[in-house]
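Here the sequence shown stands for residues 1 to 332, numbered as in our numbering.
Heads up, none of these hints are tricks.
Distance windows between CB atoms, simulated:
| hint | residue 1 | residue 2 | range |
| --- | --- | --- | --- |
| 1 | Thr-174 | Asn-247 | 23 to 31 Å |
| 2 | Ala-228 | Leu-308 | 47 to 55 Å |
| 3 | Ser-300 | Leu-47 | 17 to 25 Å |
| 4 | Ala-50 | Thr-23 | 23 to 31 Å |
| 5 | Leu-180 | Asn-247 | 28 to 36 Å |
| 6 | Pro-178 | Glu-5 | 38 to 46 Å |
| 7 | Ser-300 | Ile-29 | 26 to 34 Å |
| 8 | Phe-151 | Met-311 | 32 to 40 Å |
| 9 | Ile-177 | Tyr-234 | 36 to 44 Å |
| 10 | Lys-53 | Ser-250 | 41 to 49 Å |
| 11 | Ser-237 | Asn-162 | 14 to 22 Å |
| 12 | Ile-29 | Ser-250 | 24 to 32 Å |
| 13 | Gly-161 | Thr-312 | 45 to 53 Å |
Don't read these hints as lab results, they were simulated from the structure.
Note that CB positions come from ideal geometry on N, CA and C, so glycine has one too.
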Amino acid sequence: MKLFELINRASLITKLSLLIIFTYALLSIFGFAIVSDKSKFANDMNLQIATLKPLSKLDFILIDDKKIYIKEGSILINKKNGDLISFEKFGNNEKFILSSSLGLENIQSQFFLMGTDKFGRDFFSRIIYGMKVSLTIGFLSVLISLAIGIFLGSISGFYGGNIDKAIMWLINVTWSIPTLLLVIAISLAIGKGFNQVFIAIGLTMWVDVARIVRGQFMSLKEKEFVEAGEVLGYKSSRLIVKHILPNILSTILVISTANFSAAILLESGLSFLGLGAQPPVPTWGSMLRDHYYFIFMDKSYLAIIPGLFIMTLVLSFINLGNGLRDLLDVKN
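Whole structure, please, built from the sequences with the hints as guidance.
Structural data, given as structure tokens:
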């Protein structure tokens, strides 16, 4: 009930952002059912139909390999006879298809909602697969950053002293390095690929989480309920996990949405530089890299479409974070 109450109290922008994120999540999970290219990584290439415009429709002839026989003999030429295609012998002896007749049931129409890329691959199918990659990397990166940030921040804020000084030194050193540069350095150190991307991003985003958690712990550990727990002889681990941490979950939720948007941007940037998930895995960043020069041609949509999806998803997470901050603020 509290969740629905929060949604009802949210602003229109927050509700719209939540709807966009929810829609993207559903498409990334069930999108395979609506895409036309169901090959692995949506990587079915056909150079003859490269850079088709959006809303294009083509007819394809499907050939059943069970009806094709390869034998030695004269080469064949095809001849159209009504709705059938027959093959006739012609010329010298070579390997040829003995017979194959294709009826109307073998003709399939395919609709390209967003056209095709420069390799003739269905652009919409690759956008949907790239959506799954972006959301998965963002989610896993946030989990890593939360695990590291909450652990270090809670220890630093609760115990203080030399432990706090050591952890703050590590935070300040990490913070002094530009985020993108640090991600690139980690990516080069552990290699390229899908798994390496979310590990590299997660290892750079824990700093903000640790700082905020530390500040919250330093404030809450002075409260009466924590002092009461200490008087009752509760262990420090119980005070941290069961008493203080539940009181800062709303703050962690807000910082998680901000980190999610940052992770998507970093993943797109790494893919654009060729340091992200490697081909044939489609990502929005790699699609931008492959088609950015089309922005100056009449095929500019090849660069604009993935850019719009990146912008929409990142903006939705930012607006959602701002909305959650306002809703969960006790002053409101």
